[in-house]
Amino acid sequence: MNYIFFVIKAAVEDFKRNKTQTFLTSLGILIGVFAVVMLTALGLGLKQYINDQFAALGKNTIFVVPGKILSGGSFNATSALASIKFDNRDLLRLKRLKEIKEISPIFSKQTTAKSEKKSEDSTILFASEAFFDINGFKIQKGRFFDKTDIDKKAKVIVLGPKIAEKLFGTVEAALDQKVAANSVNFIVIGITESKGGGGFGGPDYDSYMFSPYTTGFIFNPEKNYSRFAIKFDESYSVSQVKEAIKKELLKRYDEDSFSMIEPADILSAVNSIFGVLNMVLVAIASISLLVGGIGIMNIMFVTVSDKTKEIGVRRAIGARKKDILVQFIIESTILSIFGGFLGLFLAFLGTLITQRFFPAYIDVVSVILALGVSSAIGIVFGVFPAKKAADLEPVEAIRYE
Amino acid sequence: MIKFKNVWKIYKIDNEIEYIALRNINLEIKKGEFISVIGPSGSGKSTLMHLLGLLDKPTKGEILIEGRNIVNFNDGQLSSLRNEFVGFVFQQFNLIPKLTVLENILLPTIYTRKKLTYDPKKKALELIKRFGLGGKEYSYPNKISGGQQQRVAILRALIMEPKLILADEPTGNLDSKTGIEIMNLLKSLNEKEGITVVVVTHEADIAAYGKRIIRIKDGEIIKK
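As they're listed, the protein sequences go chains A and B.
Each residue of the first sequence is one higher than the one before, counting from 0 in numbering that gives the first Met the number 0.
Each residue of the second sequence is one higher than the one before, counting from 0 in numbering that gives the first Met the number 0.
Honestly, I wouldn't trust all of these hints.
Subject to a maximum C-alpha distance of 30 Å in a straight line, what follows is the list of computed DSS-like cross-link-like pairs (lysine-lysine) [as the list claims (entries may be wrong)]: (1) B/Lys162 <-> A/Lys320; (2) A/Lys241 <-> A/Lys18; (3) B/Lys2 <-> A/Lys321; (4) B/Lys162 <-> A/Lys321; (5) A/Lys137 <-> A/Lys308; (6) A/Lys387 <-> B/Lys30; (7) A/Lys137 <-> A/Lys46.
Everything labelled a hint here was simulated from the structure, so no lab data went into it.
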C-alpha cells in the first residue's frame, strides 16, 4: 500500500513537472481510445436505430415478393429473372387464408408530383388501408385512407412529411390540397409521422406518397401487384404461416418464382453486415492505439535515461531490480490510462453532440474495454523501457551524471 | 565486520585494454570504527567505496560482510544488504526531487523486506526533529539549503538503523562551515550511536576526522 503510494506519487509529480510532455505522450492513446469508443458508440447507435425501424414493422409481418431471394441469412437482391407478377386472384386467395389477419397488395409509380407552386419527383405507393397498420405508420395530420376509399377508388393521397413540406412548405399547409401526378388530381387527406430512415438503403417513406391500390389501377391497367404485405394471426407460428402461403401460391406458380421475407430475417442480415463493418472500423482505429503505445514506449526510454542517477540512488538504498521494473511500468501505465480517460471523456462529449442528429451511445463494455486496453498498452509498452531501467548496473547508474 | 581478501577490480575497456582500478586489496573494518579513505581522483577510492557499498562486485577476491562472502549473492540478497546494512551519503545529496523531506527519509523503508520493529513514519519525524530539520518535513529538496539536504540524506541513511554509514565526499558540495557541521554530525553518530562510518574524500582536513586513515593510490592501499 505504502509502496504503491510512493511509486504513484513519484510518477504523478513527474507528470506535473512535464505537463506538456505528459499530455503529448498521452495524445496517441487519447486519440486511439476516442476513435475506438466513438466508432463503437456510432455502431451501437446505428444498430439500435435499425432495430427500432424494424420494430415499427411489428413482429407478425411477412412480405411476399416475386422472384427468388437466396436464403441463408445474408441479404441478397431478388433475382432479376423469373419475375412473375401477382394479381387480384392471388390477393383473393391469400385473403381467404385463416392465418392471415391483414393483407395489402402493393405496387408503385414513379412520378412527378405537382402542387400549385412546386413539383417534385416522388413515388406513389398504391396499397390497401391495411398497409399503414402492417408497416407501423402513424398519422400526423388528417387521416389514412380506408376501406371506403378503396371501394370508391377515391383519388385521395396520404403524404410522407418530407414530400409534404417540399410541395407545400409545411405539413399543416398540405392537408386538403391538390396533388397532381401524371395529370391525375389527388386530394391530400393525411400526412404521416416521420419514419426516419431512408439514409441506409431502405425506403425513405417520408418522401413517399400513398394512395388506394384500386385508384392506382389508372396507372396499372393490368392490375398487377409487385408484392404483398401481410400481417398474420399471432396464434400461428411464422413457419405455419409461410407454409400456408406457399401452399396457396404453389397452385399457380412454381417454387422459384416467389419468396417470403420476414423483417426479422432482414434485421439479422443487416445487423450482421453492420457488425462486421463496425469491427473493421474499430480495428482500423485500434492502429492509433498501437501508435500511441509506441509513443509511450519512446518517451519512457527517454525517462529512463533522464532518471539513471535516480535509479542508481534507489538501488543504493535497497531497491531491487523488480522494484525499479514495477516503478517504470506503473509510470507508463498511469500515462496510458490518463490518455485513456481523456479519450473516453472526449468520446463521451462527442457522443452527446452526435446524439443531436444521429443515434449513438456508449455502453459499459466499451468503457471497460477502452480503459482495459489502455492500461494493457501502458504495461506492454512500458516493459521494455522498465526492463532497461531495472537492468542498469547500480554502480553505472550512480556514477551517471 | 567487513573484510576484503585479495580484492581486485579490473575494468576492460573495449574488451582489450585492461585497467586495474584496485590491486590486491586486503582490508578489515571493525565495528565502531571511523575510517577516512583518502586519495587523489583516479586512485581507486571510488571503486573501493562502490565495493564497500555493495553496488559492485570485485573481479577477483572475497568480500566478507559479517562473515558471509557476498561475491556470489544475487540481486535480491545484495539489495537487502544495501537496504539494511549500509546507509549511503553522497556528495550531491541525491535526494529524489519529487518527494518531500519526510518521504525521502522514508524511501528505504518502502523497499525493505525486513520486519521493522518501529513505526517508520514516527521514527522519521523524531529524527527530523532531533537533527534540526523540524518544520521542513513536507518541503521539497529544492526548497531547502545544501546543508539541510545533506542532513536529510544522512537521515535517509539512518532510518534503517544501518551498521555502516558510507559517505562519499559528503562535504564536497558544501561550504566549509556547513561541511564541518556535517562531519561533526557523522562523528557524533559514530561516537554516540556506535555506527561504523567510512568517509571517502580527497581533502586532508576532512580525512582528519577519521580515527584511522586509509591512503589509496593507483589502486593500492599505501598506508593503513
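Checklist line | Earlier hints that do not hold, by number | finding: Going through the list in order, the structure violates hints 2, 5 and 6 and respects the others.
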